[in-house]
Amino acid sequence: MIQSKNMIKTIGDKMILKGISLEIDGGESVAVLGPNGAGKSTWLKITAGLLKPTEGELFIAGKSFKKDHLNLKQLIGYLGHQSFLYDHYTPVENLTFFAKLYHLPDPGDKIHRLLDEVGLSFFKHEPVRSFSRGMIQRLAIARAILHDPEILLLDEPHTGLDQQAVQILNQVIQRKKKEGVTVVMATHDFPQVMSVCDRAVIIKAGRVKDDVSLQQKTADWLYDHYERQAVQ
Amino acid sequence: MKRILMPALAIAGKDLYSEWKTKQVVTTMLIFSGLVIVTFSFAFDPSNQAVRALIPGMIWMITIFAGILGLNRSFVSEQRNDHIHGFIVAPIDPASIFLGKFIANFVFVAAVQMIAIPLLFVLFDFRALTGASILYLTGVVFLGTFGFITVGTFLAALSANSKSSEMLLPILLLPIATPIIIAAVQATKIVLIDLEAISGAMSWMQLIFVYDLLFFVAGLILFEYVLEV
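Chains as they are written, first to last, in full-length UniProt numbering: chain A, 1 to 232; chain B, 1 to 229.
It should be emphasised that the hints constitute simulated quantities derived from the structure, not laboratory data. The beta-carbon is built from N, C-alpha and C at its ideal position, and this holds for glycine as well. One thing to keep in mind: the hints can contain errors.
Said to hold, decoys possible - Some, not all, of what chain A presents toward chain B, calculated at C-beta under 7 Å:
#, residue
1, 49
2, 70
3, 73
4, 78
5, 82
6, 83
7, 97
8, 101
9, 216
Stated by the list, open to error - Derived DEER-like restraints, expressed as beta-carbon distance ranges:
#, chain 1, residue 1, chain 2, residue 2, range
10, B, 24, A, 221, 50 to 58 Å
11, A, 124, B, 227, 27 to 35 Å
12, A, 103, B, 49, 53 to 61 Å
13, B, 182, A, 74, 25 to 33 Å
14, A, 63, B, 195, 54 to 62 Å
15, A, 11, B, 166, 25 to 33 Å
16, B, 80, A, 66, 26 to 34 Å
17, A, 66, B, 79, 22 to 30 Å
18, A, 216, B, 227, 41 to 49 Å
19, A, 216, B, 17, 32 to 40 Å
20, A, 66, B, 214, 25 to 33 Å
21, A, 219, B, 23, 47 to 55 Å
Same shape as in the complex, but just chain B (with noise of 0.2 Å):
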C-alpha cells in the first residue's frame, strides 16, 4: 500500500504545487464558477421560492464543468517534456499515478466548490441552511465529487493521446457520469429543500457510495492499460 500511496503523494503534490506556482487551473475553474452564478443570479428573482429549486441543479452544474476544466488540463499538462514517459520508467505502480491524479484534480474541484457553493448560497439569498443540512449537504458534494472525479480522471488520461481530448473527454465522460450526476443532484434537493425525507437522500448517497467504490477500484486496477503505448 505505501509502494502506491507514497509515489501517489508525490504526483499530487507536484500538480498542487504546480498549480500554486501557475494558478491556470483553478482560476479558470472559478472564473466559470462566478460567471455562471452571476449570470443565473440576475437571470432568475432570487426572492422567488420556486427559484431555490434550480440550486441543487446549479451546484452540480458548476462540479461538471469546471471539473472539466480541470480533468482536461490534468493529463494534457503530461505531455509536453513526455512527462508520462517519465511516470512509466519510474518504478512505481501505474495506479499510483492514477491515485495521484485523482487527489490533485479532488483537491482542484473541492477547493472551487469551497468558494463557489457559499457564493451561490449568498447571491441567491439561500437561508434554509440548518447545521444538520450543511452536515448532510457535505456528505453528497464529497461522494458525488469523488465519483465524478474517479470516472473523470480515468477518461482524462484515456483521451489526452487524442488530438481532440477536449472535445473527445466530456463525450465519454458524461454519458458515464451521468447515474452520479442524477444521484447527486436528487440527494442535494432533498437535503436543501426537503430534509424531512433525508432517508430518500441516503439510498441516493448509497447508490453514489456503490458507484464511488467501483469505479475507483476499476480505475486503480485498469489505468495499467491506460498507460500501455
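Okay, chain A solo, but in the shape it has when bound (with noise of 0.2 Å):
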C-alpha cells in the first residue's frame, strides 16, 4: 500500500532523511518508533504530501504519488500535532468544511455519526475554542477519517490525551483496521503500540534501524528491543 524507496529529505544543510526504504501492505499497522529529530514526523508528513522529499519516490497503491498527488490524497488521512480545525467554528462547521475539501457528497448524516463515536455529539453546536485538548484531539480524528481513508497516518495521536480520549481513539484505530484500513503511527507511547500495532519501525538518525513484527510480543520486549536498537 505504501512503498517509500530511498527517500531522502535535507532541510537546509541538514540531513533529515538519509535514505528510508520502507513498505507497508494494506490493512497493516505499523509503529514508527525513534528518539526525537529521528525523522519520523518528516517521513510521515512526506507520505501525507505535506513535505516533498529531496530525493526518492513514494508509491501509494502501487502508483507514484509524485505524478498522481491529487487522487492519491483522497486516499490518507493524516492526523498531525496540530488539529487543523478553526477555533471559531463548531464540530459540524468544520466537519462540514473538510467534507467539502475532500468532494463528499451530502456529508450531514456522516458527521453526526462521527461527532456520536468520538463522543462530541453534546457540543456539536459549540466552537472549538472552548474545546479541552483532548476533546480537539478527539474532533481531528473524525476530521482524519471523514473521507474514509484508505491509509491513516497518525503523528503523536495519544499526546496529551486524557484515559477516556485514549480509548476513544484506540476504539476508532480498531474499528478501522478491521475495516482494511492501513495505520501508521508515529508515537513513543510503547502501552498504545503494543495494543494498536503488527509491526514496529524503527528509525534512528534518518534511517531504518529495525523492521520488527510485534506478534506475540510484549511492551516490556519491545521497550528492550527499543533500548538496544534506538538508544544504545
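Hints in hand, dock the two standalone chains.
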C-alpha cells in the first residue's frame, strides 16, 4: 500500500532522512518508533503530501505519489501535531468544511455519526475554542477519518490525551483496522503501540534501524528491543 | 475546472462565514476608510472645485490601504492551527486555494468600496455623476480591484511565513501593483471629471485588463510553489 524508496529529505544543511526504504502492506498497522529528531514525523509528512522529498520516490497503492498526488491524497487521512481545525467554528461546521475539501456529497449524516463515535455529539454546536486538548484531538480524529481513507497516518496521536480520549482513539483505530485500513503511527507510547500495532519500524538518525513484527510480543520486550536499537 | 472551482468556493465560503461570525477584517477596513474620508473632508473644502480632483486618488488610496489590512490577515489567520497544512494534505489543486482566497479578499474589498465610495461622494458633495459615469466607474473599480487583489493574494501567501509579514507585504506589493494603481487612478479621473475623453480611460482599462489576466493566470499556475515547504 505504501512504498517508500530510498527517501532522502534535506532541510537547509541538515539531512533529516538518509534513504528511508519501507514497504507497508494494505491493512497493516505499523508503529514508527525512534528518538526525537530521528525523522519519524518528516517521513510521515512526506507520505501525507505535506513535504516533498529531496530524493527518492513514494508509491501509494502502486501509483507514483509525485505523478498522481491529487487522487492519492483522497486515500490518506493525516492527523498531525496540529488539529487543522478552526477555533471559531463548531465541530459540525469544521467537518462540513473539510467534507467539501474532500469532495464528499451530503456529509450531514456521516458527520453526526462520527461526532457520536468520538463522543462529541453533545458539543457539536459549541465553538471549538471552548474545547479541551482531548476534545480537540477527538475532533481532529473525526476530521482525519471523515472521507473514509484507506491509509491513516497518525503523528503522536495519544500525546496529551486523557484516559477516555485514549480509549476512544484506540476504538476508532481498531475499527479502521477491521475495515482493512492501513494504519501508520509515529509515537513514543509503547503500551498504545502494543494495543494497536502489528509491526514496529525503528528509525534512528534518518535511517531504518530495525523492522520487527509485534505478534506475541510484550511491551517490555519492545521497550528492551527499542533501547538496544535506538538508544544505545 | 470543477475540481478547482468547488474547493475554491468552499475556501471562499469558509472565509466569508468566518468574517460573518467574527467581523474582524471588514470592520477594521471600514473604520480605516471612514477615518480617511472624514479626515480629508475636514482638511479640504468640498465646495472648492479643485478638491474634486482628489476623489480618484482617494478612492484608490482607500482600496489599497484597506485592502492591505485584509490581505495581511488572509493567510496569517490560516497559521493558527496549521490550517494551511490542512489544505495541502487535502486532495485539492493549489490553484483552488489561491482562487478561494482571491474570491474572499475581493468580496471584502468590494464590500468596503460599496460603502466607502458613496460616502466619499456625499462628504465631498460630488454631484457630477451620470448614469454613464457610474457604469464606467464600476468597470474601472472592478478591474483595478481585481488586479490589486490578485497580486495581493499571491504576495500575502508568500509573505505569511515571514516574522514581519505585515511589513513585508506592502514592501513587496506596492512596487508590483504600481502600474495598476497609476492606470486605475488615471481611468477613474477621466470617468469622474472628464467623461468626454472616455477613449483615454478605455486605453487605461485595456492596460488594467491585460495586467489582471497576466497576474491571475500566473497566480493560478505558480501558487503551488508558494505552498512548498
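A range of 53 to 61 Å was offered for this pair. Does it hold for the Cβ distance of residue 103 of chain A and residue 49 of chain B?
About 58 Å separates the Cβ atoms of residue 103 of chain A and residue 49 of chain B, which means 53 to 61 Å holds.
Does the Cβ-Cβ separation between residue 216 of chain A and residue 227 of chain B fall within 41 to 49 Å?
holds (45 Å)
Holds or violated: is the Cβ of residue 97 of chain A closer than 7 Å to a Cβ in chain B?
Because about 5 Å separates residue 97 of chain A from the closest Cβ in chain B, which is inside the 7 Å limit, the hint holds.
When you take the CB atoms of residue 216 of chain A and residue 17 of chain B, is the distance between them in 32 to 40 Å?
Given about 52 Å between the Cβ atoms, the range is violated.
Just tell me: holds or violated, for the beta carbon distance of residue 124 of chain A and residue 227 of chain B against 27 to 35 Å?
holds (31 Å)
Would the stated hint for residue 49 of chain A survive a check requiring a Cβ distance to chain B of less than 7 Å?
holds (6 Å)
So the hint says 47 to 55 Å: do the beta-carbon atoms of residue 219 of chain A and residue 23 of chain B match that?
holds (52 Å)
Holds or violated: is there a CB of chain B closer than 7 Å to the CB of residue 216 of chain A?
Residue 216 of chain A check fails; min Cβ-Cβ to chain B is 35 Å, beyond 7 Å.
Go ahead and decide if the range 25 to 33 Å is satisfied by the Cβ distance of residue 66 of chain A to residue 214 of chain B.
holds (29 Å)
Would the hint on residue 82 of chain A be counted as holding, given a Cβ-Cβ threshold of 7 Å to chain B?
With a minimum Cβ separation of about 4 Å from chain B (threshold 7 Å), the hint on residue 82 of chain A holds.
Given the hint of 25 to 33 Å, check if residue 182 of chain B and residue 74 of chain A actually sit that far apart at their C-beta atoms.
Roughly 46 Å apart at Cβ, these two residues miss the hinted range, so it is violated.
Taking the CB of residue 66 of chain A and the CB of residue 79 of chain B, does the distance hold inside 22 to 30 Å?
holds (27 Å)
In the structure shown, a violation is registered for the earlier hints numbered 9, 13, 19, in ascending order.
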